[in-house]
Amino acid sequence: MAGSAACVSGVAWLKKGANVPNVLKLEPLTKEAFAPFGDVICTRGNASFPINNGTTQRYHHVGKVQVHGEDGQAGISLAVGGAFSFPINIAMLERHPLGSQAWIPAARNPFVVVVAPNGANDRPDENGIRAFYAEGDQGVNYYAGVWHHPLLSLGQQGDFIVVDRIGSAPNCDECDLNQIFVIDGTYEQQAAV
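In numbering that gives the first Met the number 0, the protein residues as written are 0 to 192.
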(Lines of atoms letter the chains of each structure in order from A; the text may use other names.)
(Lines give C-alpha, C1' and ligand atoms only; values in the text may rest on other atoms or scores of the structure.)
Protein backbone atom coordinates (compact mmCIF):
# COMPACT_ATOMS: atom_id res chain seq x y z
CA MET A 0 0.00 0.00 0.00
CA ALA A 1 1.42 3.38 -0.93
CA GLY A 2 0.30 6.90 -0.13
CA SER A 3 0.64 9.73 -2.61
CA ALA A 4 -0.69 13.23 -3.13
CA ALA A 5 -2.63 12.03 -6.17
CA CYS A 6 -3.57 8.60 -7.46
CA VAL A 7 -2.04 8.03 -10.87
CA SER A 8 -2.33 4.32 -11.50
CA GLY A 9 -2.20 3.99 -15.26
CA VAL A 10 -3.84 0.74 -16.29
CA ALA A 11 -1.56 -1.79 -14.58
CA TRP A 12 -4.43 -2.74 -12.25
CA LEU A 13 -6.41 -4.23 -15.13
CA LYS A 14 -4.24 -7.39 -15.38
CA LYS A 15 -5.90 -8.44 -18.61
CA GLY A 16 -5.88 -12.14 -19.42
CA ALA A 17 -5.40 -13.37 -15.85
CA ASN A 18 -7.19 -16.49 -14.61
CA VAL A 19 -10.18 -15.02 -12.78
CA PRO A 20 -12.22 -17.37 -10.56
CA ASN A 21 -14.16 -14.72 -8.58
CA VAL A 22 -17.14 -13.17 -10.35
CA LEU A 23 -18.73 -9.99 -9.00
CA LYS A 24 -22.37 -9.58 -9.99
CA LEU A 25 -23.71 -6.06 -10.45
CA GLU A 26 -26.23 -4.62 -8.03
CA PRO A 27 -28.47 -1.64 -8.79
CA LEU A 28 -27.09 1.48 -7.12
CA THR A 29 -29.55 2.42 -4.37
CA LYS A 30 -29.16 4.68 -1.35
CA GLU A 31 -29.85 1.81 1.02
CA ALA A 32 -27.37 -0.63 -0.52
CA PHE A 33 -24.61 1.98 -0.85
CA ALA A 34 -25.12 3.61 2.58
CA PRO A 35 -22.16 1.86 4.30
CA PHE A 36 -19.81 3.32 1.68
CA GLY A 37 -21.19 6.80 0.98
CA ASP A 38 -23.95 8.76 -0.72
CA VAL A 39 -25.83 8.18 -3.97
CA ILE A 40 -26.11 11.56 -5.68
CA CYS A 41 -29.29 11.89 -7.74
CA THR A 42 -32.65 13.62 -7.87
CA ARG A 43 -34.77 10.45 -7.57
CA GLY A 44 -36.22 10.05 -4.10
CA ASN A 45 -34.78 13.31 -2.77
CA ALA A 46 -36.78 16.28 -1.53
CA SER A 47 -36.48 19.50 -3.47
CA PHE A 48 -37.64 23.09 -3.38
CA PRO A 49 -37.91 25.88 -5.96
CA ILE A 50 -35.27 28.60 -6.23
CA ASN A 51 -34.52 31.44 -8.66
CA ASN A 52 -38.11 32.70 -8.78
CA GLY A 53 -39.37 29.18 -9.41
CA THR A 54 -37.32 28.53 -12.54
CA THR A 55 -35.08 25.92 -10.89
CA GLN A 56 -35.69 22.98 -8.59
CA ARG A 57 -32.94 22.49 -5.98
CA TYR A 58 -32.16 19.08 -4.48
CA HIS A 59 -30.37 20.23 -1.37
CA HIS A 60 -27.55 18.41 0.44
CA VAL A 61 -27.57 15.15 -1.53
CA GLY A 62 -24.06 14.32 -0.31
CA LYS A 63 -21.72 15.23 2.51
CA VAL A 64 -18.27 16.63 1.66
CA GLN A 65 -15.72 15.45 4.23
CA VAL A 66 -12.38 17.25 4.60
CA HIS A 67 -9.82 16.26 7.24
CA GLY A 68 -6.23 17.35 7.85
CA GLU A 69 -4.56 20.69 8.39
CA ASP A 70 -4.29 22.16 4.90
CA GLY A 71 -7.25 20.49 3.20
CA GLN A 72 -10.13 22.21 1.49
CA ALA A 73 -12.98 21.06 -0.71
CA GLY A 74 -12.27 21.41 -4.41
CA ILE A 75 -14.08 20.81 -7.69
CA SER A 76 -12.24 19.08 -10.53
CA LEU A 77 -13.10 17.63 -13.92
CA ALA A 78 -12.06 14.12 -14.96
CA VAL A 79 -12.25 12.32 -18.29
CA GLY A 80 -12.27 8.54 -17.93
CA GLY A 81 -11.56 5.95 -20.60
CA ALA A 82 -14.27 3.60 -21.85
CA PHE A 83 -14.65 0.12 -20.36
CA SER A 84 -16.71 -2.87 -21.42
CA PHE A 85 -17.45 -6.18 -19.74
CA PRO A 86 -15.74 -8.28 -18.54
CA ILE A 87 -13.77 -5.95 -16.25
CA ASN A 88 -10.99 -7.35 -14.06
CA ILE A 89 -10.50 -5.89 -10.58
CA ALA A 90 -7.06 -6.38 -9.02
CA MET A 91 -6.69 -3.35 -6.72
CA LEU A 92 -8.63 -0.79 -4.72
CA GLU A 93 -7.79 2.66 -3.40
CA ARG A 94 -9.04 4.94 -0.64
CA HIS A 95 -8.74 8.58 0.41
CA PRO A 96 -8.28 8.74 4.20
CA LEU A 97 -8.43 12.54 4.48
CA GLY A 98 -11.67 13.24 2.68
CA SER A 99 -14.67 12.09 0.73
CA GLN A 100 -14.62 11.86 -3.06
CA ALA A 101 -17.68 12.44 -5.25
CA TRP A 102 -17.98 11.37 -8.90
CA ILE A 103 -20.88 12.92 -10.82
CA PRO A 104 -21.35 12.15 -14.53
CA ALA A 105 -21.45 15.37 -16.54
CA ALA A 106 -22.82 13.72 -19.68
CA ARG A 107 -25.09 11.09 -18.11
CA ASN A 108 -22.66 8.22 -18.70
CA PRO A 109 -23.34 5.00 -16.80
CA PHE A 110 -20.43 3.63 -14.79
CA VAL A 111 -19.51 0.78 -12.47
CA VAL A 112 -18.76 1.41 -8.79
CA VAL A 113 -16.69 -1.17 -6.87
CA VAL A 114 -16.34 -0.83 -3.09
CA ALA A 115 -15.24 -2.87 -0.08
CA PRO A 116 -15.34 -2.44 3.69
CA ASN A 117 -12.09 -2.10 5.60
CA GLY A 118 -10.84 -5.45 6.84
CA ALA A 119 -7.99 -7.05 8.74
CA ASN A 120 -4.60 -5.34 8.65
CA ASP A 121 -6.25 -2.13 7.39
CA ARG A 122 -6.80 -3.68 3.93
CA PRO A 123 -9.96 -4.15 1.87
CA ASP A 124 -12.17 -6.99 3.11
CA GLU A 125 -12.20 -9.12 -0.04
CA ASN A 126 -15.21 -11.08 1.21
CA GLY A 127 -17.21 -7.84 1.20
CA ILE A 128 -16.37 -6.47 -2.26
CA ARG A 129 -19.46 -5.26 -4.11
CA ALA A 130 -20.09 -3.91 -7.61
CA PHE A 131 -22.88 -1.43 -8.39
CA TYR A 132 -24.27 -0.22 -11.70
CA ALA A 133 -24.65 3.57 -11.64
CA GLU A 134 -27.12 4.91 -14.17
CA GLY A 135 -26.21 8.09 -16.01
CA ASP A 136 -28.31 10.25 -13.69
CA GLN A 137 -26.56 8.93 -10.56
CA GLY A 138 -23.29 9.92 -8.97
CA VAL A 139 -21.54 8.59 -5.89
CA ASN A 140 -19.77 10.15 -2.94
CA TYR A 141 -17.28 7.79 -1.29
CA TYR A 142 -16.87 8.58 2.40
CA ALA A 143 -13.34 9.21 3.70
CA GLY A 144 -11.41 5.96 3.99
CA VAL A 145 -13.76 3.82 1.87
CA TRP A 146 -11.97 1.34 -0.39
CA HIS A 147 -13.08 1.73 -4.02
CA HIS A 148 -11.89 1.05 -7.54
CA PRO A 149 -10.81 3.87 -9.87
CA LEU A 150 -13.37 5.16 -12.36
CA LEU A 151 -14.96 2.58 -14.69
CA SER A 152 -17.00 4.50 -17.28
CA LEU A 153 -19.07 2.15 -19.45
CA GLY A 154 -19.26 2.12 -23.21
CA GLN A 155 -17.66 5.46 -23.97
CA GLN A 156 -15.33 8.06 -22.57
CA GLY A 157 -16.88 9.53 -19.43
CA ASP A 158 -16.79 13.17 -18.37
CA PHE A 159 -17.16 13.56 -14.60
CA ILE A 160 -17.29 16.32 -12.01
CA VAL A 161 -15.18 15.38 -8.99
CA VAL A 162 -15.64 16.99 -5.57
CA ASP A 163 -12.96 16.01 -3.08
CA ARG A 164 -10.25 17.15 -0.70
CA ILE A 165 -7.46 19.25 -2.19
CA GLY A 166 -4.27 19.71 -0.16
CA SER A 167 -0.60 18.81 0.11
CA ALA A 168 -0.94 15.87 2.52
CA PRO A 169 -0.92 12.38 0.93
CA ASN A 170 -4.54 11.31 0.47
CA CYS A 171 -4.49 8.12 -1.58
CA ASP A 172 -3.71 4.60 -0.41
CA GLU A 173 -3.60 1.88 -3.07
CA CYS A 174 -3.84 -1.80 -2.25
CA ASP A 175 -3.37 -4.81 -4.53
CA LEU A 176 -5.96 -7.49 -3.84
CA ASN A 177 -4.96 -11.04 -2.91
CA GLN A 178 -7.16 -12.36 -5.70
CA ILE A 179 -8.56 -11.02 -8.95
CA PHE A 180 -12.28 -10.40 -9.36
CA VAL A 181 -14.15 -10.04 -12.64
CA ILE A 182 -17.34 -8.11 -13.29
CA ASP A 183 -19.04 -9.95 -16.14
CA GLY A 184 -21.94 -7.53 -16.57
CA THR A 185 -24.64 -9.76 -15.09
CA TYR A 186 -26.79 -8.80 -12.12
CA GLU A 187 -27.39 -10.34 -8.70
CA GLN A 188 -30.70 -12.17 -8.54
CA GLN A 189 -33.25 -9.88 -6.96
CA ALA A 190 -35.46 -11.21 -4.18
CA ALA A 191 -39.08 -11.74 -5.16
CA VAL A 192 -41.24 -8.80 -4.14
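These are computed hints drawn from the structure, not numbers from a lab. Fair warning: there could be bad hints in the mix.
[To be verified] So the derived label-pair ranges between C-beta atoms look like this:
hint, residue 1, residue 2, range
1, GLN155, ASN117, 27 to 37 Å
2, GLN72, ASP158, 39 to 49 Å
3, TYR186, ASP136, 33 to 43 Å
4, THR55, ALA34, 25 to 35 Å
5, ASP158, TYR186, 39 to 49 Å
Cβ atoms here follow ideal geometry from the backbone N, Cα and C, with glycine treated the same way.
For each hint, the structure was consulted:
| no. | hint | verdict |
| --- | --- | --- |
| 1 | GLN155 - ASN117: 27 to 37 Å | holds (33 Å) |
| 2 | GLN72 - ASP158: 39 to 49 Å | violated (24 Å) |
| 3 | TYR186 - ASP136: 33 to 43 Å | violated (19 Å) |
| 4 | THR55 - ALA34: 25 to 35 Å | holds (28 Å) |
| 5 | ASP158 - TYR186: 39 to 49 Å | violated (26 Å) |
The structure shown violates the earlier hints numbered 2, 3 and 5.
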